[in-house]
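2 protein chains.
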Amino acid sequence: MTPPATASTPEDTRATPLRRLSLNQATVNPLSVPEAVDLCVRHEIEAIGLWREHVARAGLAAAAAAVRSAGLRVSSLCRGGFFTHADPAARQAAIADNKAAIAEAAALGAPALVLVCGGLVPGSRDIGLARRMIADAIGELVPVAQSHGVRLGVEALHPVFAADRCVITRLGEALDLAEAFPADAVGVVVDTYHVWWDAALPADIARAGNRIVSYQVCDWTLPLPADTLLGRGHVGDGHIDFPPVTAAVTAAGYTGDIEVEIFNQAIWSAPPDATAALVRDRFAQVF
Amino acid sequence: MTPPATASTPEDTRATPLRRLSLNQATVNPLSVPEAVDLCVRHEIEAIGLWREHVARAGLAAAAAAVRSAGLRVSSLCRGGFFTHADPAARQAAIADNKAAIAEAAALGAPALVLVCGGLVPGSRDIGLARRMIADAIGELVPVAQSHGVRLGVEALHPVFAADRCVITRLGEALDLAEAFPADAVGVVVDTYHVWWDAALPADIARAGNRIVSYQVCDWTLPLPADTLLGRGHVGDGHIDFPPVTAAVTAAGYTGDIEVEIFNQAIWSAPPDATAALVRDRFAQVF
Numbered sequence: 004m005t006p007p008a009t010a011s012t013p014e015d016t017r018a019t020p021l022r023r024l025s026l027n028q029a030t031v032n033p034l035s036v037p038e039a040v041d042l043c044v045r046h047e048i049e050a051i052g053l054w055r056e057h058v059a060r061a062g063l064a065a066a067a068a069a070v071r072s073a074g075l076r077v078s079s080l081c082r083g084g085f086f087t088h089a090d091p092a093a094r095q096a097a098i099a100d101n102k103a104a105i106a107e108a109a110a111l112g113a114p115a116l117v118l119v120c121g122g123l124v125p126g127s128r129d130i131g132l133a134r135r136m137i138a139d140a141i142g143e144l145v146p147v148a149q150s151h152g153v154r155l156g157v158e159a160l161h162p163v164f165a166a167d168r169c170v171i172t173r174l175g176e177a178l179d180l181a182e183a184f185p186a187d188a189v190g191v192v193v194d195t196y197h198v199w200w201d202a203a204l205p206a207d208i209a210r211a212g213n214r215i216v217s218y219q220v221c222d223w224t225l226p227l228p229a230d231t232l233l234g235r236g237h238v239g240d241g242h243i244d245f246p247p248v249t250a251a252v253t254a255a256g257y258t259g260d261i262e263v264e265i266f267n268q269a270i271w272s273a274p275p276d277a278t279a280a281l282v283r284d285r286f287a288q289v290f
Numbered sequence: 004m005t006p007p008a009t010a011s012t013p014e015d016t017r018a019t020p021l022r023r024l025s026l027n028q029a030t031v032n033p034l035s036v037p038e039a040v041d042l043c044v045r046h047e048i049e050a051i052g053l054w055r056e057h058v059a060r061a062g063l064a065a066a067a068a069a070v071r072s073a074g075l076r077v078s079s080l081c082r083g084g085f086f087t088h089a090d091p092a093a094r095q096a097a098i099a100d101n102k103a104a105i106a107e108a109a110a111l112g113a114p115a116l117v118l119v120c121g122g123l124v125p126g127s128r129d130i131g132l133a134r135r136m137i138a139d140a141i142g143e144l145v146p147v148a149q150s151h152g153v154r155l156g157v158e159a160l161h162p163v164f165a166a167d168r169c170v171i172t173r174l175g176e177a178l179d180l181a182e183a184f185p186a187d188a189v190g191v192v193v194d195t196y197h198v199w200w201d202a203a204l205p206a207d208i209a210r211a212g213n214r215i216v217s218y219q220v221c222d223w224t225l226p227l228p229a230d231t232l233l234g235r236g237h238v239g240d241g242h243i244d245f246p247p248v249t250a251a252v253t254a255a256g257y258t259g260d261i262e263v264e265i266f267n268q269a270i271w272s273a274p275p276d277a278t279a280a281l282v283r284d285r286f287a288q289v290f
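From first to last, the protein sequence lines are chains U and H.
Converting from the first sequence to my numbering requires adding 3 to each position, the first position being numbered 1.
Converting from the second sequence to my numbering requires adding 3 to each position, the first position being numbered 1.
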């Protein structure tokens, strides 16, 4: 006797949406790569977003072996970028470092390297100059990305970070930049925290289509903490309306992992197993 | 003997650009209307931007008489808005309050009422709902604004305030909203602090043309303070490149006052005469 088509066990109901959940390592920042991998395995999370600092600490080969032997997908490597320097030697060093990051992403099996492109050039208020430097740097990286089979993901950051971290402030702007390069080399990252406020977001996501290389989620909570970088919340704890954004990203054709990436000191101080369990629960509720 | 055509006294050099300087009362927030008016007179500042709370404390007739007898222009009245409420009675109360604000602006001789339109509707994550409520409210205010000869200035606020203060986050979005109504009733406010980061800013200012009802300036300084509202700096102390923005506003046809509006506890604690002198100096240097 077969069950009715609409029936499913509670396990199945949980498992289906959860298969796209990726735990970005930043959400459990105190953990090493092997510890974060074990956490994912314990909580049946199939994918992980890695950070270069953690990978370096574990050793690239060891980190790659850890995720591979655990059977995890690496959804992205965070992060490259920071291209905006007054000193030409510093700009070249940034490009060299980004080339290394592309090779690391390839070694880890990550399809995308997330780029936080850089704020204003130190000592300058010329935001156009910063934007031109970023475009030039990405142009230098394109052949390297193509030869490694890794896509560069230009991430628009919230305008609160425009001066010091990223002058690319809207998905539409990230897309304008990406579209200057081949789609197999440069795409965009949609991160709800950074772009949720933008009235053009639905149209920009639709336009992004197959340029979307990563979909990252966390919530906008208030009040902001003293360190603005650490003001993110668990999905559902804040003001972002996730379902329409997810629907738009899906309609655009994105079928990859959905990374939960939360920078928050209180969450970093919580037991990682509790964090992973909550991430799973909220993900199942919202996505 | 006549001096060469290029010569001018230091007084003249200072006076010409300074004629467009308006001191927004928020910059010297501890002062009453009569005190702020006296400060402007002492520092040869010809215009002032007033705040409703201060006007109410002074009394509307007394405030109007104070600015008139001092010969000051009132460049704007801050502020109306906050239209986004779940409770219909609260929405109606907001509209009634905005009608009163329009009448106050007319009594003060202010050409524009600045609108901070409101954040997400309490208990809702539907940013589209908030935007529709704002459009509906402005629609109700249009005939009142026209009958009083006061223009409503939709101000795009920095996206850091999207959840709790204003879901209108870009000049282009403010303009899309304003353009749904007659130009004699609804325009936009260009405030450097809120929009400096936007790659579309030059194009949006050009498109705004005669919809610009107020040009407000202060600088983006880092780090942000715990209270994000109070993180603004004197012109020249931060990261904003003012000359291209001013050139665009001028090219768009705006010939009105330029309001220096700074929310900053340290500046509020400084002697007001020192603040006014510094505002003048920086204005002369940058504009």
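Derived from the structure by calculation, the hints contain no laboratory data.
Fair warning: this is a prediction, and the values are worked out from it, not measured in the lab.
Hints may be right or wrong, so weigh each one.
Where chain U lies over chain H, by a calculated footprint (3+ residues, C-beta under 8 Å) [as the list claims (entries may be wrong)]:
no.: 1; region: 121-130
no.: 2; region: 133-141
no.: 3; region: 192-202
no.: 4; region: 207-213
no.: 5; region: 227-233
no.: 6; region: 265-271
Using N, Cα and C, we set each Cβ at its ideal position, and we do this for glycine too.
Task: Verdict on chain U covering the region 133-141 of chain H, criterion of 3 CB contacts below 8 Å - done: violated (count 1)
Task: Proximity test - 8 Å, beta-carbon atoms, the region 265-271 of chain H to chain U, at least three hits - done: Check failed, 0 qualifying residues.
Open item on the list: Taking beta carbons only, do three or more residues of the region 227-233 of chain H come closer than 8 Å to chain U?
Closed with: As far as the region 227-233 of chain H goes, the hint holds, because 3 residues have Cβ atoms under 8 Å from chain U.
TODO: Would you check chain U against the region 207-213 of chain H, counting CB to CB pairs closer than 8 Å, and say if three or more residues qualify?
DONE: violated (count 0)
Task: Coverage of the region 121-130 of chain H by chain U (three or more Cβ within 8 Å) - done: holds (count 4)
Task: Coverage claim, chain U over the region 192-202 of chain H, checked by counting residues with Cβ within 8 Å (three needed) - done: holds (count 4)
Checked against the numbered hints listed earlier, the structure breaks hints 2, 4, 6; every other hint is satisfied.
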